[in-house]
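Engineer: Full structure from sequences and hints, please.
Residue numbers (the numbering used here), protein chains in the order written: chain L, 1 to 54; chain P, 55 to 297; chain U, 298 to 515; chain Y, 516 to 720.
Hints are supplied without guarantee of correctness; some may be wrong.
Stated by the list, open to error - 20 Å max Cα-Cα, derived EDC-like pairs, lysine to aspartate or glutamate:
1) P:K66 to L:E42
2) L:K38 to P:E294
3) Y:K637 to U:D371
4) U:K450 to P:E203
5) L:K38 to P:E69
6) L:K38 to L:E50
7) U:K450 to P:D206
8) Y:K708 to L:E50
I should point out that these hints are in silico values taken from the structure, not numbers from a laboratory. Treat the numbers as computed from the prediction; the structure is a model and nothing was measured.
Chain by chain, the residues:
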Amino acid sequence: MMPELGKYAEAVLSSYAVSIMLIVVLVIASVTRARRVKRELESVEKRGRENAEV
Amino acid sequence: MASIWQYANPRKFIETTDRILPWVAGSSLMALVVGLVWGFFFTPDDYRQGSTVKIIYLHVPSALMAINGWIMMLVASLIWIVRRHHVSALAARAAAPVGATMTVIALVTGAIWGQPMWGTWWAWDPRLTSFLILFLFYLGYMALWAAIENDDTAADLTSVLCLVGSVFAVLSRYAVNFWNQGLHQGASLSLDKEENVADVFYHPLLLCIAGFVLLFVALVFLRTQTEIRARRMRALLARERLG
Amino acid sequence: MIALLTRDLRLAVRAGGGFGLGLAFFLIVVTLVPFSVGPENMLLTKIAPGILWLGALLACLLSLDRIFALDWEDGSLDLLATSPLPMEALVSIKALAHWLTTGLPLVVATPVFALLLSLPEAGYFPLVLSLLLGTPALSVIGTFGAALTVGLKRGGLLLSLLVLPLYVPTLIFGAEMARRGAQGLDMTTAMMMLAGISFGVIALLPFASASVLRVNLR
Amino acid sequence: MELTVQDLSVTRGGVPVLEGVSFDVAAGEVLILRGPNGIGKTTLLRTVAGLQPPLSGHVGLEREAMAYAAHADGIKATLSVRENLAFWAAVFGTGDIASALTSFDLAALADRAAGGLSAGQKRRLGLARMVVTGRPVWVLDEPTVSLDTQAVALFAQAVRAHLAGGGLALMATHIDLGLDEARVLDVGPFKAKAPDLDDFDGAFL
Numbered sequence: 001m002m003p004e005l006g007k008y009a010e011a012v013l014s015s016y017a018v019s020i021m022l023i024v025v026l027v028i029a030s031v032t033r034a035r036r037v038k039r040e041l042e043s044v045e046k047r048g049r050e051n052a053e054v
Numbered sequence: 055m056a057s058i059w060q061y062a063n064p065r066k067f068i069e070t071t072d073r074i075l076p077w078v079a080g081s082s083l084m085a086l087v088v089g090l091v092w093g094f095f096f097t098p099d100d101y102r103q104g105s106t107v108k109i110i111y112l113h114v115p116s117a118l119m120a121i122n123g124w125i126m127m128l129v130a131s132l133i134w135i136v137r138r139h140h141v142s143a144l145a146a147r148a149a150a151p152v153g154a155t156m157t158v159i160a161l162v163t164g165a166i167w168g169q170p171m172w173g174t175w176w177a178w179d180p181r182l183t184s185f186l187i188l189f190l191f192y193l194g195y196m197a198l199w200a201a202i203e204n205d206d207t208a209a210d211l212t213s214v215l216c217l218v219g220s221v222f223a224v225l226s227r228y229a230v231n232f233w234n235q236g237l238h239q240g241a242s243l244s245l246d247k248e249e250n251v252a253d254v255f256y257h258p259l260l261l262c263i264a265g266f267v268l269l270f271v272a273l274v275f276l277r278t279q280t281e282i283r284a285r286r287m288r289a290l291l292a293r294e295r296l297g
Numbered sequence: 298m299i300a301l302l303t304r305d306l307r308l309a310v311r312a313g314g315g316f317g318l319g320l321a322f323f324l325i326v327v328t329l330v331p332f333s334v335g336p337e338n339m340l341l342t343k344i345a346p347g348i349l350w351l352g353a354l355l356a357c358l359l360s361l362d363r364i365f366a367l368d369w370e371d372g373s374l375d376l377l378a379t380s381p382l383p384m385e386a387l388v389s390i391k392a393l394a395h396w397l398t399t400g401l402p403l404v405v406a407t408p409v410f411a412l413l414l415s416l417p418e419a420g421y422f423p424l425v426l427s428l429l430l431g432t433p434a435l436s437v438i439g440t441f442g443a444a445l446t447v448g449l450k451r452g453g454l455l456l457s458l459l460v461l462p463l464y465v466p467t468l469i470f471g472a473e474m475a476r477r478g479a480q481g482l483d484m485t486t487a488m489m490m491l492a493g494i495s496f497g498v499i500a501l502l503p504f505a506s507a508s509v510l511r512v513n514l515r
Numbered sequence: 516m517e518l519t520v521q522d523l524s525v526t527r528g529g530v531p532v533l534e535g536v537s538f539d540v541a542a543g544e545v546l547i548l549r550g551p552n553g554i555g556k557t558t559l560l561r562t563v564a565g566l567q568p569p570l571s572g573h574v575g576l577e578r579e580a581m582a583y584a585a586h587a588d589g590i591k592a593t594l595s596v597r598e599n600l601a602f603w604a605a606v607f608g609t610g611d612i613a614s615a616l617t618s619f620d621l622a623a624l625a626d627r628a629a630g631g632l633s634a635g636q637k638r639r640l641g642l643a644r645m646v647v648t649g650r651p652v653w654v655l656d657e658p659t660v661s662l663d664t665q666a667v668a669l670f671a672q673a674v675r676a677h678l679a680g681g682g683l684a685l686m687a688t689h690i691d692l693g694l695d696e697a698r699v700l701d702v703g704p705f706k707a708k709a710p711d712l713d714d715f716d717g718a719f720l
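Structural biologist: This is the structure:
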């Protein structure tokens, strides 16, 4: 299945590896931060609401 | 017809992007997978460059998005300066790390590609150099956002920096061209000059570009949502402290 | 406006080191170069214009954070902002004062430093001319960076990060002009571009600097 | 000449602190702002002086009419007292500094380097700057910090002279200046109320 990359195999494979890794890291970082901030905001809003009721 | 500015409302923005984000992300993933698999497994080697031509599917789209990312930030900054929509400023902030990552991908793939083609990892070729400078601009822009506590102040300052930086980035591009004529091939892709890139490479490349564009949009939507929430949280916390 | 300029110059003289510090730094850079690349005159001759330009640029960078920092700390900047002086004039004067205390001494001292790096005779005039044309742009761009970071704690490093990319075109055309001059090549294009950049930033950038300074004061 | 402030809302660090502040000060009048620390007196004064834009509302006079003095006096330590004042006189296009020196009892110190002055003397120099600006509206933030009783009396005298010349003054201070004619405004009631938590846009600021 693997295509014959010849003498440039290293260059081609490493650029795919590096690029895909960078993209995956960026996506994971964005998603985890999005989740964390969303959760934190919800807790702050909840606290604010409870304080308002008191 | 409703005005486009209604999406400048933070809540409306989050609602709308929540609805379309899965579609954008999904189609981005699909375009990337199909494009890259097509390009990697099912295209022939170039008669001159051998298999390294496969790097084009990463190099060209990331380079395009590196520049388009900055242009998007510039437009968002202008919208903030003129109309003062908070979402716009936050979108510019959200786009910067994505654009910077694209610049890094373009630089790294360029260097890896350059090694077998030019016999050196790094050549002070005008285009590579311009991208290095662009990367520095991204770094400075992000550092300025991070350094300032007040969100509105940060938005104002980074907008002006983005504006001034854009002028100097264009200036640098010309200066660098003047300084070194370079090894890069001419524009390898434009719609009316298809002969530069043979058809076999062209179609998967288009798909990859579409994938990168959609990926950029999806990430900017997601990160802008995050910035909006983070900002609201900071505002709520500031109010709590105030009592 | 003249009052502000004379006050800034007087402060620079009385504080001592206002003029001297940049020059001393420039001298150190020039001294260190042969240690790092070797003492061969051939090599030094070749890189002298570039090294001198880089040294001048770094010496300029060193004093940027003082442009507004002192006036910010003691409240003068607030008071100046409420004065009849337009903010655009204020930042232009500040840039001019910075150039007179940093850029101009560098231009004047460069021939001496060029001697140490065995610059060919033909190179002196182009080098000094290029610095004379280019250093005002360095001061004006630096003032923009200083206005962006005024009031930030530990703003110095950030200031360098923001300003250095903006210095790229000036450095390229300035060093190119000096290099071509030293090698006896035609330097008209580089000179025109350098002068264009200088006049362009002097005319336009104060508006950007003034707007960010206003934002930072509120 | 009358300073009219209408329905002014001001923000500090992006958070509204005071809202709906309205008052007038006519020529020859002085208005003293009172209120606990942190309520936003400094922010209000900076907004009136035109150093920061209001969130909403309106300040009736241009900033060109105002002279502002805050905690920091903008004194250069290496310049003499005379040079410091002469600089501000030149910037504001007036030029006469002799009356300012005498009214704050600085004539004897005129040729001393400002860096060698005591805190109270520096403060007097900072207030003398208000005289040389020649501006009709004085906006003063805690003007009497580190002044002794005698210097406070000097300051009160200078304010009276300024009012008699058709000027007006707005200041935040806690101590009694002996200015019987002064009106007092407590800014406490103008404290900004938090907008509804569910008001996403409002809670965004």
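Engineer: Against this structure, judge whether each hint is valid.
Structural biologist: Status of the hints after comparison with the structure:
1. Among the hinted pairs, P:K66 with L:E42 is consistent with the structure: their alpha-carbon atoms are about 18 Å apart, no more than 20 Å.
2. A C-alpha spacing of about 18 Å is found between L:K38 and P:E294, which places the hinted pair at or below 20 Å, so the restraint holds.
3. Pair hint Y:K637 plus U:D371 holds up; C-alpha atoms about 12 Å apart against a cutoff of 20 Å.
4. Taking the CA atoms of U:K450 and P:E203, the gap is near 11 Å; set against the 20 Å cutoff, the hint holds.
5. With a C-alpha separation of about 14 Å, the suggested pair L:K38 and P:E69 falls inside the 20 Å cut-off, and the hint holds.
6. Taken as a hint, the L:K38 and L:E50 pair is honoured in the structure, with Cα atoms around 18 Å apart against an allowance of 20 Å.
7. Between U:K450 and P:D206 the CA atoms are separated by roughly 18 Å; this keeps the pair inside 20 Å, and the hint holds.
8. The straight-line distance between the Cα atoms of Y:K708 and L:E50 is roughly 17 Å, inside the 20 Å bound, and the hint therefore holds.
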